[in-house]
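Asks: Here is how the chains run, residue by residue.
Protein chains: 2
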Amino acid sequence: MEVIRDPQQMQKRAMGWRRQGVVVGLVPTMGFLHDGHLSLVRIAKAKSDVVVLSLFVNPTQFGPNEDLDRYPSNIQRDLELCEQEGVSVVFMPDADAVYAADASVFVQEEQLSQGLCGLSRPIHFRGVLTVVAKLFNLVLPDLSVFGEKDAQQIRLIRRMVRDLNFPIKIISGPIVREADGVAMSSRNSNLDAASREQAVVLRKSLLDIQQAVSSGECSVAALRKRADGHLADTPLGALDYLEFVDNETLESVAEIGERAVLLAMAVQFPGARLIDNIVLERGAQAALQAK
Amino acid sequence: MEVIRDPQQMQKRAMGWRRQGVVVGLVPTMGFLHDGHLSLVRIAKAKSDVVVLSLFVNPTQFGPNEDLDRYPSNIQRDLELCEQEGVSVVFMPDADAVYAADASVFVQEEQLSQGLCGLSRPIHFRGVLTVVAKLFNLVLPDLSVFGEKDAQQIRLIRRMVRDLNFPIKIISGPIVREADGVAMSSRNSNLDAASREQAVVLRKSLLDIQQAVSSGECSVAALRKRADGHLADTPLGALDYLEFVDNETLESVAEIGERAVLLAMAVQFPGARLIDNIVLERGAQAALQAK
Numbered sequence: 001m002e003v004i005r006d007p008q009q010m011q012k013r014a015m016g017w018r019r020q021g022v023v024v025g026l027v028p029t030m031g032f033l034h035d036g037h038l039s040l041v042r043i044a045k046a047k048s049d050v051v052v053l054s055l056f057v058n059p060t061q062f063g064p065n066e067d068l069d070r071y072p073s074n075i076q077r078d079l080e081l082c083e084q085e086g087v088s089v090v091f092m093p094d095a096d097a098v099y100a101a102d103a104s105v106f107v108q109e110e111q112l113s114q115g116l117c118g119l120s121r122p123i124h125f126r127g128v129l130t131v132v133a134k135l136f137n138l139v140l141p142d143l144s145v146f147g148e149k150d151a152q153q154i155r156l157i158r159r160m161v162r163d164l165n166f167p168i169k170i171i172s173g174p175i176v177r178e179a180d181g182v183a184m185s186s187r188n189s190n191l192d193a194a195s196r197e198q199a200v201v202l203r204k205s206l207l208d209i210q211q212a213v214s215s216g217e218c219s220v221a222a223l224r225k226r227a228d229g230h231l232a233d234t235p236l237g238a239l240d241y242l243e244f245v246d247n248e249t250l251e252s253v254a255e256i257g258e259r260a261v262l263l264a265m266a267v268q269f270p271g272a273r274l275i276d277n278i279v280l281e282r283g284a285q286a287a288l289q290a291k
Numbered sequence: 001m002e003v004i005r006d007p008q009q010m011q012k013r014a015m016g017w018r019r020q021g022v023v024v025g026l027v028p029t030m031g032f033l034h035d036g037h038l039s040l041v042r043i044a045k046a047k048s049d050v051v052v053l054s055l056f057v058n059p060t061q062f063g064p065n066e067d068l069d070r071y072p073s074n075i076q077r078d079l080e081l082c083e084q085e086g087v088s089v090v091f092m093p094d095a096d097a098v099y100a101a102d103a104s105v106f107v108q109e110e111q112l113s114q115g116l117c118g119l120s121r122p123i124h125f126r127g128v129l130t131v132v133a134k135l136f137n138l139v140l141p142d143l144s145v146f147g148e149k150d151a152q153q154i155r156l157i158r159r160m161v162r163d164l165n166f167p168i169k170i171i172s173g174p175i176v177r178e179a180d181g182v183a184m185s186s187r188n189s190n191l192d193a194a195s196r197e198q199a200v201v202l203r204k205s206l207l208d209i210q211q212a213v214s215s216g217e218c219s220v221a222a223l224r225k226r227a228d229g230h231l232a233d234t235p236l237g238a239l240d241y242l243e244f245v246d247n248e249t250l251e252s253v254a255e256i257g258e259r260a261v262l263l264a265m266a267v268q269f270p271g272a273r274l275i276d277n278i279v280l281e282r283g284a285q286a287a288l289q290a291k
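These protein sequences, in sequence, are chains A and B. According to our numbering, the first sequence is numbered sequentially starting from 1. According to our numbering, the second sequence is numbered sequentially starting from 1.
Isolated chain A (complex conformation) (with noise of 0.2 angstroms):
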């Protein structure tokens, strides 16, 4: 396994595996590795020749009073992660070679962006997006996988494929989770033991109300309702947001209808802001009680 800090050592390297037809699998991460990372991994290199994972905290999504100095880190570690998985390139450059300093061209998207956790981060997608096309055009990739967990930026970075023509073919992953439901992420750990144990918070709401779809209800009002015992158990976590939308173009929906519902929610922890999702699909469920 190699580690490459240099961007354009990065570049070159993509542009040599370019010329031997190579096939290039990319997972990009902020580090501090869990099994959902690692599930991205295993998925990649069952698609590729060469996995790249590129470890980057990136500065350009974090808003000024978020959590970019608190971002958790174990280098090590993750990089003994990687051997064990048999990533073959950990890209792993710092904020200053990855970002000049009069930088001023960035990727914007104007719609899916604009509702969920764009609310409240209001320039977020537009770092990750910014940072995933930079880290696409210096790794070249064939493919690029990311988690569902993030369920609104794996939309958002598809229709930058899409939108720019990027030749790069994007899976994602299914959520991992702990032993009590709650998502694997990177932020968990900075969560006080308290907090942690109220997490589940997410995941029982958002099971709750699949439940509920299962038998019946379609009403998003009387639906949204089946998360407010939760939250009373919860005081810790405060809601950021609990939204169903369409689960292609991301806009509200006040009824589960035929089309997928993408069920998403965000809850701010002293210690962190979780976020977890689910799809509703009231045809696959009405399927699945007719048999």
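Treat the hints loosely; a few may be bogus.
All copies of an identical chain are treated as equivalent in the list; a pair is satisfied when it fits inside any one copy or across any two copies.
Claimed, not checked - Lysine-lysine pairs mimicking BS3-like chemistry, simulated, CA-CA at most 27 angstroms apart:
(1) 169 x 47
(2) 169 x 45
(3) 169 x 12
Just so you know, the hints here were simulated from the structure itself, not pulled from any lab data.
Keeping the supplied structure of chain A fixed, place chain B upon it in accordance with the hints.
Replies: Chain B only, in chain A's frame:
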């Protein structure tokens, strides 16, 4: 010579070239080709195995009251000229194959794009950078050639290549002029005879100012007045801007100093808005005079 209309087919062809190690040069145009465009083709041809000329009147770079529907076109003649110049592929997509109806991802520049043409054409450069990023991803060129007539545009494209890390070399071609000094432009054909005659105002003003700089005048306020007489002589042309900016940062300068200055000008005629520019280098002039 081959004409490709389908973006997916263009990208597939490009990926084939990539695998074969073919060096690809791209010349993006909006068609109605003139000797300025052909000079860019020759530059590309000298440095590439294969030259792709794109011919696409990009709707997203035109404002609502601009000349999108009057932009001149003569595709048959364009194709003949490309054939004569040894272009390998003319990429000529339809607008609805380039942009999805719900396209929502754009490339935006936030510093260099604010002044000069960006002032009177606020969405212009967002459209330019977005379509050039798309062309880069569809044609996958090793190098791409742009004309210096569009001085702000080429500086923005270089900035985009740097900030988004495209593995592409940007080459500029000098301005090609008509016998009377007017910079070649497809839009010149939209001028009536009287306007065409008065179009010399740009070149005359620029040369007059350059001459004054050679003679030692450094004050931008004084230099700016040198254009007044020319503009008074050409009543069909309304000055949009005459700006002295740092050649790299595009920030306004109050006098000609050691750093190169871009002197750029735009004049609105009844049939077309024309631009021209010249780079002023006091150091270079002084060195010339000292010889």
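Asks: Decide, hint by hint, whether the structure agrees.
Replies: Results for each hint:
1. 169 x 47: within (11 angstroms within a copy, 31 angstroms between copies)
2. 169 x 45: Only inside one copy: residue 169 and residue 45 sit 14 angstroms apart there, 32 angstroms across copies, limit 27 angstroms.
3. 169 x 12: So residue 169 and residue 12 pass the 27 angstroms test inside a copy (21 angstroms) and across (14 angstroms) alike.
Consistency with the previously given hints is maintained throughout, with no hint failing.
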